[in-house]
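Each chain is listed here by its residues.
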Amino acid sequence: MTAASTSTEIATPPARARGPWVRAWSRFRANGAALTGLAILIPILVAVATYPLWWTFGPNDIDLKAMNQGPGPSHWFGTDGVGRDILARLLQGGRISLTVAFVSVVVSIVIGFLVGAIASFGGKVVDNGIMRLVDLAMTLPPVIFLLVLASIAGTGIVPTIVVISLLSWPVLSRMVRARLLELRERDFVVASRGMGASMWHLLFRHGLPNCIDIIVVYATLQIANAILLEAGLSFLGLGIAPPQASWGNMLNAARSTVVMEQYIWQWMFPGGALVLTVLAINFLGDGLRDAFDPRSDLN
Amino acid sequence: MTEQPFLSVSNLTKHFGGSGFSRAPVVRAVEDVSFDVPRGKVVGLVGESGSGKTTIGRSVLRLIDPTSGTVRLDGVDLTAMSARDLRRQRAKMQYIFQDPFASLSPRMTIGQILMEGLGIQGTGTRRDREDRARAALKAVELPADAFDRYAHEFSGGQRQRIGIARALALEPQLIVADEPVSALDVSIQAQIVNLLRDLQTRLGLTMLFISHDLAVVEYICDTVIVLYLGRIMEIAPAAELYANPRHPYTRALLSAIPEPVPGRASRRQILTGDIPSPSNPPSGCVFRTRCPHAIDACAQVVPPLEAVGRDHRSACIRNHELETAEAVPA
Ligand SMILES: Nc1ncnc2c1ncn2[C@@H]1O[C@H](COP(=O)(O)OP(=O)(O)O)[C@@H](O)[C@H]1O
Ligand code: SF4
Ligand SMILES: [Mg+2]
Chain A
1 MTAASTSTEI
11 ATPPARARGP
21 WVRAWSRFRA
31 NGAALTGLAI
41 LIPILVAVAT
51 YPLWWTFGPN
61 DIDLKAMNQG
71 PGPSHWFGTD
81 GVGRDILARL
91 LQGGRISLTV
101 AFVSVVVSIV
111 IGFLVGAIAS
121 FGGKVVDNGI
131 MRLVDLAMTL
141 PPVIFLLVLA
151 SIAGTGIVPT
161 IVVISLLSWP
171 VLSRMVRARL
181 LELRERDFVV
191 ASRGMGASMW
201 HLLFRHGLPN
211 CIDIIVVYAT
221 LQIANAILLE
231 AGLSFLGLGI
241 APPQASWGNM
251 LNAARSTVVM
261 EQYIWQWMFP
271 GGALVLTVLA
281 INFLGDGLRD
291 AFDPRSDLN
Chain B
1 MTEQPFLSVS
11 NLTKHFGGSG
21 FSRAPVVRAV
31 EDVSFDVPRG
41 KVVGLVGESG
51 SGKTTIGRSV
61 LRLIDPTSGT
71 VRLDGVDLTA
81 MSARDLRRQR
91 AKMQYIFQDP
101 FASLSPRMTI
111 GQILMEGLGI
121 QGTGTRRDRE
131 DRARAALKAV
141 ELPADAFDRY
151 AHEFSGGQRQ
161 RIGIARALAL
171 EPQLIVADEP
181 VSALDVSIQA
191 QIVNLLRDLQ
201 TRLGLTMLFI
211 SHDLAVVEYI
221 CDTVIVLYLG
231 RIMEIAPAAE
241 LYANPRHPYT
251 RALLSAIPEP
261 VPGRASRRQI
271 LTGDIPSPSN
281 PPSGCVFRTR
291 CPHAIDACAQ
301 VVPPLEAVGR
311 DHRSACIRNH
321 ELETAEAVPA
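Quick mapping for you: the protein sequence lines, in order, are chains A and B.
The opening position of the first sequence corresponds to residue 1 in this note's numbering, with each subsequent residue numbered one higher.
The opening position of the second sequence corresponds to residue 1 in this note's numbering, with each subsequent residue numbered one higher.
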């Protein structure tokens with residue numbers, strides 16, 4: 001070997017330092033649908049978070065002179081049967097629905113990741129046991145499972161979060177397990193073991209970062225799912241109980257034919273908010289899935 | 001009795017599968033392998049693909065648990081060690097991987113990769129760890145600005161240097177290098193082998209150097225072990241092995257090297273037939289299905305490794321008959 005041959009190889013200037021996050025972001029930015037989703041979602045989140053600062057009515061203020069009033073200059077989105085402002089309830093309901101969805105997704109990610117991790121690192125017997133349990137949870141008809149759980153847990157924010165979380169983690173734990181089983185055999189993980197890494201180190205320094213794509217995609221799709229689940233439960237009277245507002249229990253009003261036909265603003269706005277938010281999140285999720293697709297890192 | 005060997009492998013055996021519910025047959029990847037590596041020496045492990053080289057290398061570092069046998073490092077039995085104690089021993093022994101792409105995490109910067117082991121072992125302060133990682137980067141002749149880049153920005157040869165730096169950062173005494181150049185461009189292979197050789201001499205490393213290529217091994221190794229189907233066929237000092245190969249398999253391997261040494265060309269033998277499956281190895285001498293000198297007796301007993309010269313052993317029942325190079329096929 002000559003000195004010249006060494007320097008030719010070394011001198012090849014590596015491209016600009018671009019980490020995995022930077023590359024994911026540049027792919028995301030190129031996705032029109034995902035950006036549209038974001039453009040819809042951000043105003044909704046801002047409105048929901050800040051409404052008490054700029055909207056005069058509270059969600060439970062009763063205006064007896066204005067019952068079942070249509071949209072107008074004072075009540076922009078109209079009022080309901082007891083004279084509560086629909087816009088205020090819509091925004092407060094959004095707070096509840098989105099909080100329930102977000103927290104339940106976080107809880108199900110923690111459960112799903114840990115269960116997947118234990119299954120993949122815990123040896124054959126543990127793995128088999130856990131995976132049969134997951135299979136069972138996944139084959140139970142979700143509606144029945146949900147109704148049974150909900151009737152045990154009761155109504156309110158915390159029980160609703162618990163019910164939705166318990167229903168959703170198995171999907172994630174399966175994906176995490178599959179990913180970690182594959183990862184365990186990869187050379188850079190073997191190298192880490194060879195340097196004395198503990199299980200904890202392997203799981204959180206290699207396992208978790210290499211599951212980020214799965215988790216991000218799961219999170220976005222599952223948030224949309226959780227919003228719909230909450231709406232469904234509340235619609236059936238099992239989720240968020242009135243007088244507390246949620247998009248689901250506002251839709252409940254449409255069960256009356258009079259409301260359905262004559263006071264359409266009472267269910268159209270929460271229905272519209274629900275559909276718009278879920279669609280926007282789904283677009284976002286698709287964009288994130290492409291952005292984090294491990295195959296696109298190869299080129 | 002001289003100084004005890006730094007690394008001592010005795011009766012190492014590794015079988016894959018065959019337990020539990022799987023009906024797949026047992027793969028006898030490594031069968032009764034014993035050898036020593038003196039401190040500061042380089043021992044080469046040569047064999048065709050599938051002969052069990054990686055399995056031996058990883059068993060030596062207990063990255064996989066051997067089925068039986070013992071591995072002693074500096075007198076300490078690694079195979080009997082608890083997982084906890086073993087983790088602390090790991091700084092002493094490091095592995096260099098064959099595949100420069102799979103062996104570096106795509107989600108970590110080179111700096112993070114080089115400091116990972118030091119962090120795990122709890123070496124010094126963060127500052128010390130960074131200094132040591134930067135020193136390792138320098139030792140493998142990579143530019144300092146590589147520290148904050150990601151592995152995908154580097155070529156195969158550069159990645160292999162990073163892999164070497166990662167192993168060196170822990171200041172190990174034993175290195176197992178598993179075909180460190182076979183995935184690289186031929187033009188770069190020599191650079192990496194030279195680098196390893198320089199580092200080995202400079203740092204006084206003890207090394208197990210794995211390769212399927214006898215030509216690469218000749219240059220870097222003090223002693224060479226020839227492996228076939230998970231068993232040792234021949235062990236000899238490198239120069240002796242090339243000058244005076246005794247086992248029919250080694251002779252066949254050497255004659256397959258493209259530039260034949262003058263005088264050796266006349267005895268050129270080509271290996272015919274396929275390597276038998278390690279899940280169903282031939283009885284007796286595992287090489288007999290392809291050996292040009294095989295006789296009936298070869299199927300009866302597993303030939304023991306017997307001395308055929310100074311530090312030179314060969315596992316063939318016809319060692320002495322075939323002593324002369326002109327031996328004709330039976
Ligand atoms: N994890 C494993 N499970 C089952 N068989 C294996 C495993 N690892 C290696 N083997 C088998 O063991 C034999 C030796 O493999 P290996 O040590 O990788 O050989 P080499 O490194 O010499 O190419 C091969 O037949 C291979 O298929
Ligand atoms: S023991 Fe027999 S088959 Fe094996 S190498 Fe010697 S001669 Fe060939
Ligand atoms: Mg190998």
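Think of the hints as simulated: they come from the structure by calculation, not from any bench.
No experiment lies behind these values; they were computed from the predicted model shown.
A virtual CB, placed ideally from N, CA and C, is assigned to each residue, including glycine.
Do not rely on the hints blindly, as some may be mistaken.
Stated by the list, open to error - Simulated DEER-style distance windows between Cβ atoms:
1) A:L53 - B:E130: 44 to 54 Å
2) B:H320 - A:A178: 52 to 62 Å
3) B:G75 - A:V125: 29 to 39 Å
4) B:S49 - A:W25: 36 to 46 Å
5) A:G156 - B:E153: 50 to 60 Å
6) A:A30 - B:S279: 28 to 38 Å
7) A:T56 - B:T125: 54 to 64 Å
8) A:V110 - B:K138: 54 to 64 Å
9) B:D85 - A:A178: 54 to 64 Å
10) B:D85 - A:V110: 25 to 35 Å
Going through the hints against the structure:
{"no.": "1", "hint": "A:L53 - B:E130: 44 to 54 Å", "result": "holds (47 Å)"}
{"no.": "2", "hint": "B:H320 - A:A178: 52 to 62 Å", "result": "holds (57 Å)"}
{"no.": "3", "hint": "B:G75 - A:V125: 29 to 39 Å", "result": "holds (36 Å)"}
{"no.": "4", "hint": "B:S49 - A:W25: 36 to 46 Å", "result": "holds (41 Å)"}
{"no.": "5", "hint": "A:G156 - B:E153: 50 to 60 Å", "result": "holds (52 Å)"}
{"no.": "6", "hint": "A:A30 - B:S279: 28 to 38 Å", "result": "violated (50 Å)"}
{"no.": "7", "hint": "A:T56 - B:T125: 54 to 64 Å", "result": "holds (58 Å)"}
{"no.": "8", "hint": "A:V110 - B:K138: 54 to 64 Å", "result": "violated (42 Å)"}
{"no.": "9", "hint": "B:D85 - A:A178: 54 to 64 Å", "result": "violated (32 Å)"}
{"no.": "10", "hint": "B:D85 - A:V110: 25 to 35 Å", "result": "holds (32 Å)"}
The structure fails hints 6, 8 and 9 (numbered hints given earlier, in ascending order).
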